[in-house]
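Visitor: Listed here are the chains, written in short residue letters.
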Amino acid sequence: MSAVGPGGAEGIDLSLDADQQAVAELFDGFFANECPVSVVRGAEPLGFDRALWDALGALGAPGMGSPEDQGGGGASLADLLVVAEAVGRAIAPVPLVDHLVATRLFPDEELISGELVGGVALQPAAADGTWRLVPTGAVADVVVGVDGDQVVAVRSEAPGSGPRNHADQPLADRSARAGERTVLGPATRFDEALDEWRTLTAAALVGIAERSLQMGVAYATERHQFGVPIGSFQAVQHLLADLPGLIDGARLLAHRAAWAATLPVDQRVVDVDDNEFTDPTVLASMAFLFAGEAAAAATDRSLHVHGGYGYAEEYDIQLYFRRARGWRLVAGPPAAERARLADLLLGPASTPSPAPAGAAR
Amino acid sequence: MNFSLTPEAQAYRATVRRIIAEAVTPEAIDRMHSTGTFDVPELTQALAREGLLERAVPGRGGGDPIELWLLFSELEKAGAPYDGISVALMVAGVINAVGTEEQKERIIPTITSGQALVCMGYSEPDSGSDVAAATTRAVRDGDEWVIDGAKMWTTMAHEATWLILLTRTNTEVAKHRGLTMFILPMDTPGITVAPVHTMGTERTNATWYDGVRVGDDAVLGDVDGGWRTMTVALAFERGVMGGTNAGVPLLRHFRAWADEVGLLDDPTVRDHIARTAIDNQVAALLTMRAAWIAATGGLPGLEGSMVKVFATEAYQRAARAFQEAAGPEGLLQFHEPGAAADGFVDYDARHSPVTTIYGGTSEINRNNIAERHLGLPKARS
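Chains as they are written, first to last, in my numbering: chain U, 1 to 361; chain V, 362 to 742.
It is worth saying that the hints were derived from the structure and are not from the lab.
Fair warning: there could be bad hints in the mix.
As the list claims (entries may be wrong) - Beta-carbon label-pair distances, calculated as ranges:
| hint | chain 1 | residue 1 | chain 2 | residue 2 | range |
| --- | --- | --- | --- | --- | --- |
| 1 | V | PHE695 | U | GLN225 | 47 to 57 Å |
| 2 | U | GLY227 | V | GLY503 | 30 to 40 Å |
| 3 | U | GLY227 | V | LEU692 | 44 to 54 Å |
| 4 | V | ASP577 | U | ASP19 | 54 to 64 Å |
We put the CB at the ideal spot given by N, CA and C, even for glycine.
Between the sequences and the hints, there should be enough to build the whole structure, so can you do that?
Guide: So this is what it looks like as structure tokens:
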């Protein structure tokens with residue numbers, strides 16, 4: 001795997017490098033063979049297929065983002081984006097994105113090998129130590145997240161089930177305190193992991209959007225009404241024609257975020273007035289938000305183009321539609337993420353804090 | 362992927378920024394908005410003096426697409442005029458690609474020296490998106506051509522030295538095959554220019570051609586080969602030479618004003634700013650991609666369509682959101698006390714509607730994407 005050199009002198013190159021292209025082909029081929037949509041359906045409602053996870057383990061996928069000297073694959077974040085996109089295209093019922101993020105922060109041997117499943121708690125633990133609705137909570141053996149002012153990894157028994165939900169994801173509450181607990185450092189250490197989660201999830205959403213567009217185009221080409229393919233009607237064409245720009249834009253943002261993460265800290269720029277951003281935290285937020293919009297739009301429109309069949313459980317677009325929402329909303333309302341982005345861009349809002357009780361009037 | 366500019370490209374961008382900072386003064390911008398003529402001669406001449414125009418002509422000074430992209434991005438971000446420069450450089454590139462040696466020597470230096478602007482006679486009163494339906498006639502008469510007809514939206518015709526004119530020379534063949542492009546001086550007898558004023562204050566023109574006589578030296582490309590000349594021109598333009606960064610100065614102006622009047626803490630305003638910042642960055646990345654494709658030998662026609670549709674519609678969303686957020690102050694125009702962002706909020710709300718129309722409507726671009734990128738069946742006969 002080649003890392004993109006910081007401030008590389010070779011100039012702009014928006015192609016995947018040869019290794020990344022090989023990785024994309026490998027994973028797309030793997031999911032085409034091992035994860036046809038029947039596997040996705042078979043894994044519902046839990047949203048986890050153990051056999052598929054084990055097959056990914058045999059490929060070395062669970063540890064590919066961890067350092068080589070710890071038995072990992074040494075892949076860069078940019079390389080992992082390619083894998084995350086393939087997961088999204090296949091809507092594979094494996095928590096690979098969350099596992100990769102957890103394992104990069106907590107390079108435990110059994111996580112790297114994939115014997116254990118890792119996950120991340122996207123919100124800090126509540127006062128009672130509960131991590132609410134962890135995206136992989138029903139199946140993760142180790143959850144990494146914030147508890148108080150620390151980031152901790154907690155190994156405990158996965159419940160194996162959770163609340164039924166929109167996207168058939170393995171959501172469940174977990175405890176930040178019950179189990180084998182490893183303190184990884186101050187809570188701020190988790191910020192970079194969350195940036196990586198947003199960036200990789202953006203890529204997974206790009207994969208969902210791209211495959212959904214392909215499904216819409218295929219259906220509009222084969223479905224005939226009034227004696228012609230419905231894809232020859234401009235009203236249908238134009239619904240789909242907006243999507244490639246959104247998808248490509250989201251992919252470029254995610255890759256820019258991964259590239260920015262390789263820059264020296266003193267080269268990180270946030271300049272709203274000049275539209276110049278090389279800060280990985282800002283770009284990860286932008287990529288996550290925009291990819292979420294792209295995936296929502298692509299699944300909305302593709303489902304609509306499918307007509308009544310798109311609404312039928314038997315057709316696959318509904319699987320993509322639900323995951324486009326679920327994979328995104330586990331992190332919180334998009335408006336809250338935009339508010340966070342605005343704070344990063346503009347500085348925090350200077351609303352006066354309420355006067356402390358008993359303060360002089 | 363690597364998003365880094367080479368040191369050479371960074372130096373080029375720094376030069377462009379310096380020239381803009383020196384030539385595009387607040388007074389020059391104010392003059393543009395009050396006269397409706399979006400041209401700053403000092404800027405064009407300064408770019409020419411530093412050799413940047415010559416260097417930007419495709420096929421002549423290298424015409425490096427990365428540099429073209431940087432040049433137009435910087436102009437647009439600064440709120441400097443770029444349409445005149447864009448048309449002139451594009452035409453210089455077309456002349457270089459399909460013109461005769463004599464035309465290259467006679468015309469290109471007047472453009473690259475910053476002395477001459479070019480206006481475009483493509484659209485007509487009855488043909489816009491269907492540009493190949495042009496009916497302005499050019500008829501052979503001895504050694505000469507006689508041109509009669511009318512054109513719309515000939516922006517800068519009242520300032521330009523040259524006119525690039527799409528005409529019909531053959532009515533016996535399919536519409537795309539009977540077109541011929543001419544390039545002629547604007548002071549050729551028989552040309553009439555009348556102003557067309559717009560909602561966005563820009564002045565454009567309608568032009569009439571009444572027995573305009575030119576020689577063969579005015580034919581650009583082949584007789585009846587005008588469509589190919591058009592195609593060459595469009596390939597230079599799409600997605601790189603401006604029109605995709607209008608949201609940047611809008612956001613800059615609005616943000617500064619919102620800060621000044623205490624609106625910057627409003628959660629709705631912050632939400633609009635976050636959305637616009639994302640859209641601006643996406644537009645910049647899609648534009649960068651079009652430039653990179655061109656720089657690596659490709660023709661980014663479809664990618665240009667994608668960024669054109671996205672960037673102009675995002676600009677309209679932002680212009681509307683910011684005007685609504687500003688309330689009545691968002692209605693006030695330049696120089697009016699209390700005007701939101703010194704009048705730019707009103708200006709962008711009035712200007713933005715044209716951006717999804719000119720340079721290829723959103724619908725034409727969506728047709729291209731649907732049929733040539735997505736491979737959907739053709740919609741029209």
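Visitor: None of the hints should be skipped; say for each whether it holds.
Guide: Hint check results:
{"no.": "1", "hint": "V:PHE695 - U:GLN225: 47 to 57 Å", "verdict": "holds, 52 Å"}
{"no.": "2", "hint": "U:GLY227 - V:GLY503: 30 to 40 Å", "verdict": "violated, 54 Å"}
{"no.": "3", "hint": "U:GLY227 - V:LEU692: 44 to 54 Å", "verdict": "holds, 51 Å"}
{"no.": "4", "hint": "V:ASP577 - U:ASP19: 54 to 64 Å", "verdict": "holds, 56 Å"}
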